[in-house]
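Undergrad: Same order as they appear, the protein sequences are chains A and B. Per this note's numbering, residue 1 is the first one in the first sequence, and the count goes up by one each step. Per this note's numbering, residue 1 is the first one in the second sequence, and the count goes up by one each step.
Source of the hints: derived by calculation from the structure; they are not laboratory data.
Copies of the same chain look alike in the list, so a pair counts if it fits in one copy or across any two.
Straight line, CA to CA, 25 Å or less: simulated SDA-like cross-link-like pairs of lysine to any residue:
| no. | residue 1 | residue 2 |
| --- | --- | --- |
| 1 | 299 | 324 |
| 2 | 299 | 381 |
| 3 | 146 | 44 |
| 4 | 159 | 93 |
| 5 | 146 | 56 |
| 6 | 159 | 391 |
| 7 | 299 | 391 |
| 8 | 299 | 268 |
| 9 | 299 | 365 |
| 10 | 106 | 390 |
| 11 | 210 | 45 |
| 12 | 367 | 298 |
| 13 | 299 | 311 |
| 14 | 159 | 17 |
| 15 | 29 | 19 |
| 16 | 146 | 48 |
| 17 | 159 | 19 |
| 18 | 117 | 107 |
| 19 | 159 | 390 |
| 20 | 299 | 392 |
| 21 | 227 | 17 |
| 22 | 29 | 129 |
| 23 | 227 | 19 |
| 24 | 146 | 34 |
| 25 | 159 | 44 |
| 26 | 146 | 49 |
| 27 | 227 | 258 |
Predicted model, so just to flag it, every value in this text is computed and none were measured.
Protein chains: 2
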Amino acid sequence: MPSVEILAVGTEMLLGQLVDTNSAFIAGKLAENGVDVFATHAVGDNRQRIAGTIRMALERADGVITTGGLGPTVDDLTKEAVCDALGVDTEVHEPSMRAMEEVFVKSGRQMRENNRKQALIPRGAIALDNREGTAPGFIATTGQGKFVASVPGVPREMKPMLTEGVLPWLQQRFRLTEHIRTRTLHTIGLAESEIDHRIADLFASLENPKIAVLAHQFRCDVKIMAKAASADAAIALIAPVEHELLRRLDGHVYGVDEETLPFAIHVLLRQTHRMIAVAESCTGGSVAAALTSVPGSSKSFAGGIVSYSNEVKMQLLGVQRQDLDRFGAVSEEVAKQMAAGVREHLGTGIGLAITGIAGPSGGTHEKPIGLVWLAISEASGARTRRLHLTGDREGIQSRATTAALGFLWERVRE
Amino acid sequence: MPSVEILAVGTEMLLGQLVDTNSAFIAGKLAENGVDVFATHAVGDNRQRIAGTIRMALERADGVITTGGLGPTVDDLTKEAVCDALGVDTEVHEPSMRAMEEVFVKSGRQMRENNRKQALIPRGAIALDNREGTAPGFIATTGQGKFVASVPGVPREMKPMLTEGVLPWLQQRFRLTEHIRTRTLHTIGLAESEIDHRIADLFASLENPKIAVLAHQFRCDVKIMAKAASADAAIALIAPVEHELLRRLDGHVYGVDEETLPFAIHVLLRQTHRMIAVAESCTGGSVAAALTSVPGSSKSFAGGIVSYSNEVKMQLLGVQRQDLDRFGAVSEEVAKQMAAGVREHLGTGIGLAITGIAGPSGGTHEKPIGLVWLAISEASGARTRRLHLTGDREGIQSRATTAALGFLWERVRE
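Turn these sequences into a full structure, and let the hints steer you where they fit.
TA: Set out below in C-alpha cells:
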C-alpha cells in the first residue's frame, strides 16, 4: 500500500482565516483507492517551509500531494519550492502556454510575466490539465522512485485535477489493486441505539464490508465500506449487506449516498401524482426552501405560507381567532388548522404545518422554548406530532425543519 | 514573537471523514495574541507518529499545541505520545480524579480503568480544567524551555480550554505584549474594484492598522487589523481608520463583525416601526428563512408567501392571469404585482418579491437560467431590479437571496 502525505499551502490557514477542506477531500479519495495517508500539513506562502516540509515528508512517505500556491501572484511559491526540494529547475509547458495565450488574445487583455509563470512546470514533470482554470498542475518524480503531485488550491480546479489526473497516475504507478467503495444508507425515525440493536450481529461478524453508524439529529447514517481488487468487486461485496440492512431497517431508509430527504419526498409525491403546500411559523420558510432545493420541485410543490404573525395565520390560513386565544399559536389545534388551511387555499392534496417556539425568548413553563407541533392535513384527515427540541434558535429551527421533513416522508411513503 | 505548530490527532481526518476545523480556530486565536503559527499537521491515532511529529515540531518552533486524542478509549493516545516525545512518565492529577469519581458516584455508574486513565497527565505538567467534559488538558514543558499543550478534540471542550487555559499561560510565559484585534465592515452594492479605488491610498499608506478587502457574491468585507501592546490599544488604533472607511464607503456598510444583513434590516425596520412581508418564487422560502433567523424578527416580519406555481401567484398574491400570459412569471410586471399583493394581503408597509429561473431547466433564449426580478412595493410606489446570476441551482438561489436582502436593505435605510 503506497503512502502519501498531503501539504496544503496558504498563509490564510495559519491565520485561522480559512479552514482547509481540500486535505479531507484528497484524503478521502486516496483512501478510496487504497492509498495510506500518513499525515497532512499546512504551511504558509513561504518557499523554504514548503520545500522543507516536502523534503521531510518524502523521507517518510512514497509521495506528497500539494494543494495551493500555483497561481500567478508573488505569493504563489509552491512550484519553486517543489523544484528546490527535488533539486530541479523549471521548463515551459508549451500546451499550457499556448492555451493561456489564446485566452488572453480572446479577452483582449495583455498577458503579463506573472501569467507566463503559470505555464512553467518542474523540468521533466508530467503536466496535469486544469479544465477549470489557467494554471496547470504537475507530477514530478525523483530518482528514488518518489513523487510530488501539485494541484491548485481552488476546490473547483483541484477536484477534477485530482480525480482525472493524479488518481489515474497513482493507480498505474503503484498498480493499485485495492479499491474501497462505500455506500451510505440514510435513515430517519430510529434512534442510534435501536439501529445498534437491530444490526449488532452484523457489526460483530462482518469484516469486509464493514459497517458503521453515524448519528445526526433525527437521522442516522449507516455506512457500508468494502475493499476489493476492483471497484466493481467492491460494489458487489456491498450489495448483499445493503440488502440485509434494508430488510432490518425496513421503513426507515429514505435514501442512499447523495439522496436527500427533500429529494426522497419529491420522488414519492411524483410517483403518486400528489402536490404539497406548507404552512410554517417557527421554521420561517426553511421547510419550503428545503423542498425547493430539489430540481424540478415545482412538479410536486405548489407553494407555502410563512405565517409568522397571528393575523397571517387567521387571514391566509383560516385559523380561528378563538382557537388562537384558547390554545395558543403553538398548539396541536392551531397546527391542524394551519395544515388544513394551506392545503385548501393552495388546492393541494397534502398540507404540512409547523408551529413552535424557536427562542431565545417567548417560552413559558407550559410551553417552553423548543416546543414544536407538526401537522399533516389530507382529505382523509389529519395527523399531528409534538416535539420538544433543544439548542439555540438556529439549532431549533434546523431540527424542526428536519423533523418536519421526516414526518412528511413517513406519511407520503405509506 | 514565539512560534507554535499545531497538531490535530485523529484517523478520521486522514480518511477524509472529518474536516479539521480546530486548527483554524486555534491558529486564529494565536494570531490575535501575537503568536506565529509555523505549520499545522494532522496525524492518525498512532502513538509513534504523534510523538514523532511533536519531536520534529519542537526542533523548529517554541511549542506545540495538540488537539484530540485525550479521551478514554484505546485509540486515545496523545498523552502517551507526548510523554514519549518528552521522555517523561505520567502521574495522577488528583483534582481531576476526584472530580471524575464524583461524576460517577452521582450517576450511579461504575468507574472503569479507562476512565481513570483520563485523570493522568505527564509528570510535572500543569493540568488544564475541562469545564465541558471529564478529560483534563495539560501543558508540559521541557528543559530547553519548549512546551507541549494538549487540549481535547471536541470543539465545545477545546475552545474554552484554549482561551481560558492555554492563552493566558502563553501570555505570561512569553510576556506577550502584542495584541492583534480586527474589525470587519460588511458592505453591499460596491464592486471590489470600486472599493479598491476609494481606499487605494489607505491601502498604500497604512501599516498598523492594516486593511484588507475580501470579496463575496454581492458583498465585500473590509477588514481592519491592528497590533498593539494591549487589546484596548489595538481597538483604539482601529477606531479612526474605521471612521474614515465608513466615510468613504458611505451608504454601503450594513454592519460590522457578527452583524448580518437580515439583522441590519430588522434594526432599521424596528427603528421606523415598519413591517415587511415577502413573496418568493425561485428562492423558495430562503429570504423568509433568512429574515426569521434573527431573534425577535416577529416584531418586523409579518410573514411570507412562497408562490411556486402560477395558481398560487394569482390566488394568494392577486397576480393577473393576462400579465402572467403576456409577460411570463419571471418579469418586472409580475414581480411588482407579487410585491404589491403580499403587502396588501399581509397588511404590511413593505412588500418584497423575488421571481426568477434557478434552473437547471426552464431557461430560454430571452429568459435564461439566472434571470431574476426583484420588486419592492410600498404605499408610495414600487421599485424593481433585474439580475442576471450565474452558477448552479443552489448558487443562483443563494445569490438571489443575498441580492434580495441587499435590495431591501438599501430601501429601508433611505
